[in-house]
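Peer 1: Each chain, written out:
Number of protein chains: 2
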Amino acid sequence: MEIQGLPGKLLAELGPAIASGELAEGAVLRIEELETRFGVSRTVVREAVRILESMRLVASKRRVGITVQPRRDWDVFDPLVIRWRLAGADRPAQLRSLGSLRVAVEPAAAALAAQYASPDDCRELSSLAVELTVTARAADLTAFLRHDIAFHATVLRASGNEMFAHLGDTVGAVLTGRTEHKLMPHQPRAYAVQLHREVAEAICAGAPERAEQAMRTIVTGAMQELAAELG
Amino acid sequence: MEIQGLPGKLLAELGPAIASGELAEGAVLRIEELETRFGVSRTVVREAVRILESMRLVASKRRVGITVQPRRDWDVFDPLVIRWRLAGADRPAQLRSLGSLRVAVEPAAAALAAQYASPDDCRELSSLAVELTVTARAADLTAFLRHDIAFHATVLRASGNEMFAHLGDTVGAVLTGRTEHKLMPHQPRAYAVQLHREVAEAICAGAPERAEQAMRTIVTGAMQELAAELG
DNA sequence: TCGCGCCAAAGGTATGACTTATTCAAGACG
DNA sequence: CGTCTTGAATAAGTCATACCTTTGGCGCGA
Chain A
311 MEIQGLPGKL LAELGPAIAS GELAEGAVLR IEELETRFGV SRTVVREAVR ILESMRLVAS
371 KRRVGITVQP RRDWDVFDPL VIRWRLAGAD RPAQLRSLGS LRVAVEPAAA ALAAQYASPD
431 DCRELSSLAV ELTVTARAAD LTAFLRHDIA FHATVLRASG NEMFAHLGDT VGAVLTGRTE
491 HKLMPHQPRA YAVQLHREVA EAICAGAPER AEQAMRTIVT GAMQELAAEL G
Chain B
311 MEIQGLPGKL LAELGPAIAS GELAEGAVLR IEELETRFGV SRTVVREAVR ILESMRLVAS
371 KRRVGITVQP RRDWDVFDPL VIRWRLAGAD RPAQLRSLGS LRVAVEPAAA ALAAQYASPD
431 DCRELSSLAV ELTVTARAAD LTAFLRHDIA FHATVLRASG NEMFAHLGDT VGAVLTGRTE
491 HKLMPHQPRA YAVQLHREVA EAICAGAPER AEQAMRTIVT GAMQELAAEL G
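Heads up: the sequence lines are chains A and B, in that order.
Counting in our numbering, the first sequence runs from 311 upward without gaps.
Counting in our numbering, the second sequence runs from 311 upward without gaps.
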């Protein structure tokens, strides 16, 4: 868990409960209730609630209590919120949202990377592309996933845009979830691997158009698989 | 300020100070120091620090204190972080990042909106397009800005993607900043207004390609103006 | 029936005591 | 002389309590 100490424990309970809808919009908590329920002091409860409040999952008002806010107010870009939603009943909706976001962002990031990638980025991408090819052939899904995550994170980072770069972890979470969930029986598709090589090559060659196009094919493909899987 | 009470006051001081680099990476604060500096109790200081910690602007360690974290760790999608950076020395970098993000996201959102917009969304977009035309002609920059923000927010919302929808406020902040900063002397460009009409029309007509293309022209145009202005 | 004012409930703040982790340095031992 | 151990000082973390402030709702009276 990202947040440390006792407040972290509370968050680890309350966050997922809210994200999954178990604590529905409008539900009201009271500080005292949480104190006894978790056997901690007011200090701890208040700090945890403050954090939930800063994510806009809850709002606290005098004489009323701590109220769970409607979904549309949630800070859906907060990494913890994303993780909590991915872990619960909201998982399909969250995956769809993230899928669309990837379709929008990753091709743009690839294009920028083709313009701004450093020699080191380029080396890393080439190396990762090779690893992807090898591990795919060997049907080593664990290693493949690790390199796949690193590949996408590297492209996002190489774009030079800090906001894109920060989506690396989130994309990683999506990829991890996909592998775990489908428990992919067969090895990754050769075509997808080929596209990753194409992206790496285009970026290293400084060809934004090609990089963008190849990346777009990757993420729209992922989006379609996702749509098929979720119905 | 988004966060209420005394902790909000602290955040309003500390957030911008960190975002602007005034409190540089590695700078150390102590709770007691903040207590006396702001004349508040530990409770308040701790809650404020917890929030900064959840944004990853600082990390707090025993026997060390509260340390300002390196930029790359910051939660750059947090609305408050964005606002603080826009208000300070990081403004150009933040604008560039947001510009790229808009170029990536808004065309995709427009395409999705063309598929999923409700009749109400469509009505609103058409109405806003008219308002844009009128206020542009009248050179009423305040009203124009208000409608421009509403227009982009509506497109993002109509995409049906909650994550896109949440970027509405941020885009609004960028547009506001642009108007205030340049203190636009002349009326908005007729060409840009025309493009907004085109977007509204394409969305209402259910034409994703056209909507996406028109929106892309708008945001890349904005990006170029931005690049020109920032050098 | 409507409006005004009072009260109680719940969060917000302040404070002091105590706990725990961590760094740094002094001292012991090889 | 260097390294390892141990201990003390420091600063955050937690707890319990008291008190302040806001505000929603109830009851009283017009």
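Keep in mind the hints are simulated off the structure, nothing from the lab.
Note that this is a predicted model, so its numbers are computed, not measured.
No residue lacks a Cβ here, since even glycine has one placed at the ideal position from N, Cα and C.
Heads up, some of the hints might be wrong.
Per the computed footprint, the stretches of chain A lying under chain B, defined by three or more beta-carbons under 8 Å from a beta-carbon of chain B, are [claimed, not checked]: (1) 330-341; (2) 346-358.
Simulated pairs of lysine-lysine, DSSO-like, Cα-Cα distance not exceeding 30 Å [said to hold, decoys possible]: (3) A:K371 to A:K319; (4) A:K371 to B:K492; (5) A:K492 to B:K492; (6) A:K319 to B:K492; (7) B:K371 to B:K319.
A few chain A residues that face chain B, going by a derived Cβ cut-off under 7 Å, partial list only [stated by the list, open to error]: (8) S364; (9) L411; (10) A414; (11) L451; (12) N471.
Peer 1: It remains to establish, for every hint, whether it holds in the given structure.
Peer 2: Verification of the supplied hints:
Taking a C-beta to C-beta cut-off of 8 Å, the segment 330-341 of chain A contributes 0 residues in contact with chain B, too few for the three needed, and the coverage statement is violated. Here's how the segment 346-358 of chain A fares: 3 of its residues keep a CB closer than 8 Å to some CB of chain B, so the rule of at least three is met and the hint holds. Pair hint K371 of chain A plus K319 of chain A holds up; C-alpha atoms about 23 Å apart against a cutoff of 30 Å. A threshold of 30 Å between alpha carbons decides the hint, and for K371 of chain A with K492 of chain B the separation of about 40 Å lies outside it, so the pair is violated.
Using a Cα cut-off of 30 Å, the hinted pair K492 of chain A and K492 of chain B is violated, with the two alpha carbons roughly 52 Å apart. A hinted pair counts as satisfied when its Cα atoms are at most 30 Å apart, and K319 of chain A with K492 of chain B does not qualify at roughly 48 Å. Proximity of K371 of chain B to K319 of chain B is assessed by CA-CA distance (about 23 Å); at most 30 Å being required, the pair is judged to hold. Look at S364 of chain A: its Cβ gets to within about 5 Å of chain B, closer than 7 Å, so that hint holds up.
The restraint placing L411 of chain A at the interface with chain B holds, with a minimum CB-CB distance near 5 Å, inside the 7 Å limit. The beta carbon of A414 of chain A comes within 4 Å of a beta carbon in chain B, closer than 7 Å, and the hint placing it at the interface holds. With its C-beta approaching chain B no nearer than about 28 Å, L451 of chain A sits outside the 7 Å limit, and its interface hint is violated. Hint status for N471 of chain A relative to chain B: holds, with the closest Cβ pair at about 5 Å, below 7 Å.
In this structure, the hints that do not hold are numbers 1, 4, 5, 6, 11, in rising order.
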